[in-house]
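Colleague: Those protein sequence lines, which keep their order, are chains A and B.
Here this note's numbering is used: the first residue of the first sequence is 15, the next is one more, and so on.
Here this note's numbering is used: the first residue of the second sequence is 549, the next is one more, and so on.
The set of hints was computed from the structure by calculation and includes no laboratory data.
Quick caveat, the model's predicted, so the values are computed rather than measured.
Each residue gets a CB set at the ideal place from its N, CA and C atoms; glycine is no exception.
Take these hints with a grain of salt, some might be off.
Here are the computed lysine to any residue pairs in the SDA-like style, where the Cα-Cα straight-line distance is at most 20 angstroms [as the list claims (entries may be wrong)]:
id: 1; chain 1: A; residue 1: Lys101; chain 2: B; residue 2: Val741
id: 2; chain 1: A; residue 1: Lys231; chain 2: B; residue 2: Gly610
id: 3; chain 1: B; residue 1: Lys640; chain 2: A; residue 2: Lys231
id: 4; chain 1: B; residue 1: Lys640; chain 2: A; residue 2: Lys161
id: 5; chain 1: A; residue 1: Lys161; chain 2: A; residue 2: Arg77
id: 6; chain 1: B; residue 1: Lys763; chain 2: A; residue 2: Arg77
A short, non-exhaustive set of chain A residues, derived as facing chain B with CB atoms under 7 angstroms [to be verified]:
id: 7; residue: Pro80
id: 8; residue: Leu212
id: 9; residue: Tyr222
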Amino acid sequence: MGLLAFGDTGWGDELFFATLMTIAVAGAAIFIGFFLAAIFASFKLSKIKILNWIGSFYTTVFRGVPELLVIYLFFFGGSGAVMYVAKIFGYDGYIEVNAFITGAFSIGIISGAYSTEVFRGAVQSINKGQFEASEVLGFKKKIYYYKVIIPQMLRLALPNISNVWQITLKDTSLISVTGLVEIMRMSYIAAGSTRDPLFFYSFAAVLYLFLTFLSMKLFNKLEQHYSKGY
Amino acid sequence: MDLDFISEHFPRLLKATKLTIELTSLSLLFGIFVGVFFAILRVSENKILFFISYYYSYIFRGTPLLVQIFIIYFGLGQVEWIRESFLWIFLKEPYSCAILAFTLNTGAYSSEIFRSAFETINKGILEAAEGLGLNKIHTFFKIKLPIAIRQSLPAYGNEMILMLKGTSLASTVTLLDLTGVAKHIISTTFRPVEVFIVAGSIYLIMTFIIHNLIKFLEKKFGYQ
Chain A
15 MGLLAFGDTG WGDELFFATL MTIAVAGAAI FIGFFLAAIF ASFKLSKIKI LNWIGSFYTT
75 VFRGVPELLV IYLFFFGGSG AVMYVAKIFG YDGYIEVNAF ITGAFSIGII SGAYSTEVFR
135 GAVQSINKGQ FEASEVLGFK KKIYYYKVII PQMLRLALPN ISNVWQITLK DTSLISVTGL
195 VEIMRMSYIA AGSTRDPLFF YSFAAVLYLF LTFLSMKLFN KLEQHYSKGY
Chain B
549 MDLDFISEHF PRLLKATKLT IELTSLSLLF GIFVGVFFAI LRVSENKILF FISYYYSYIF
609 RGTPLLVQIF IIYFGLGQVE WIRESFLWIF LKEPYSCAIL AFTLNTGAYS SEIFRSAFET
669 INKGILEAAE GLGLNKIHTF FKIKLPIAIR QSLPAYGNEM ILMLKGTSLA STVTLLDLTG
729 VAKHIISTTF RPVEVFIVAG SIYLIMTFII HNLIKFLEKK FGYQ
């Protein structure tokens, strides 16, 4: 266990901060995903055909292409794209996009494709009578959304959001190929310098199991909270 | 879009697709056996067998596939008795390590799919089989299995697509599958967009084929 000591002699503190990095990237990614999902789910639910197509195109591509390929696209193409945009605004220098942003965006876009389907399904499963009832009660549209639709949608979507979160958390391990020091990258470094890959990769597996276990517990709590009325 | 660039590199990508298909189909084939095996353990009344199956699927579904490949490819070689045993012939090759990791991974997910398929079989059907005097083996092969296959098809179709995408991780252990070759072309030519479009389209075509295959099978095994 000396290998896991905190401080200069072991890899404990390094792995601890790497775990925080994994949580941070996964958190950023899922929020980027929610943001995209809100847009694309409304596209998919809209009555305009072109928007439907755009929504379907997004979910089909990013759920059908391997995560690693998407990461390579952003890793190698990210700087180029940002510089291209910057050039339009008159900036000519070299811009490097940092590994955290690349990772959060590539995983976020994939996560968003899954969330889009979750949001769409949840909205579609809300009873139409609810809308008529709130109209009769004279609710404004804003109150109708915040007090009637979203609480019900959350309850229905939570188990699936929990799934998406687990997928996103595990997908962050792939960002290690870009050099961002999260759990996998740190284990790779530690395994290389101590020549003990079995120990460090198994420990990485334990860390991931711990994270997925913890999030499962948390989501169960949330599900209980949101189904109080049922 | 540079068509000359695409047509120059397209044959290499297409050749790499062969390895991707090979990895996917072999892992799925072995994975079905692993999955059925652990699903049977899972529904057994023996507590120990239940726990083995439960924790197997819990561990493989709770950790990233990348960790699993790395433990098998980089980690197992460290254990002396494995290096000295006949297993080393397989475990020193990245190809068989990748297939082992994919098989165990898809086996864990499919065991859950098959288990829930077995559990949703209507009790009345089994009672009817008993009433008709069918023995256990007949009931399993003629009644339980066909119903379970039908039940698990939609979820298993998703798992096939996830596995197809999962084989892209073979590129992390030096194999040149579709993603591996795509990465190599990107990093030597710095044309990520074109390569992404071509390689991504090949993946989407394969996804589309799997999707339709499952649809066809669902119709074939349907109740109508």
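Colleague: Given Pro80(A) as an interface hint, is the shortest Cβ-Cβ distance to chain B below 7 angstroms?
Modeller: Holds, about 4 angstroms.
Colleague: Given the hint that Lys640(B) pairs with Lys161(A), test it: the Cα-Cα distance must not exceed 20 angstroms.
Modeller: 59 angstroms, violated
Colleague: For Lys161(A) and Arg77(A), compute the direct alpha-carbon distance and say whether it is at most 20 angstroms.
Modeller: 32 angstroms, violated
Colleague: Less than 7 angstroms between beta-carbons is the criterion; does Leu212(A) satisfy it with respect to chain B?
Modeller: 4 angstroms, holds
Colleague: When you check the alpha-carbon spacing of Lys231(A) and Gly610(B), does it fall within 20 angstroms?
Modeller: Measuring from Cα to Cα gives roughly 13 angstroms; hence the hint holds.
Colleague: With a cut-off of 20 angstroms on the C-alpha distance, tell me whether Lys640(B) and Lys231(A) pass.
Modeller: Judged against 20 angstroms, a Cα distance of about 39 angstroms means the pair is violated.
Colleague: Min Cβ distance, Tyr222(A) to chain B: is it shorter than 7 angstroms?
Modeller: The hint holds - Tyr222(A) has a Cβ within 7 angstroms of chain B, the shortest such distance being about 5 angstroms.
Colleague: Has the given pair, Lys101(A) with Val741(B), been kept, meaning a C-alpha gap of at most 20 angstroms?
Modeller: Distance ~19 angstroms between Lys101(A) and Val741(B) Cα, so the pair holds.
Colleague: Would you mind confirming whether the straight-line C-alpha gap from Lys763(B) to Arg77(A) stays at or under 20 angstroms?
Modeller: 18 angstroms, holds
Against the hints set out earlier in the document, violations occur for numbers 3, 4 and 5.
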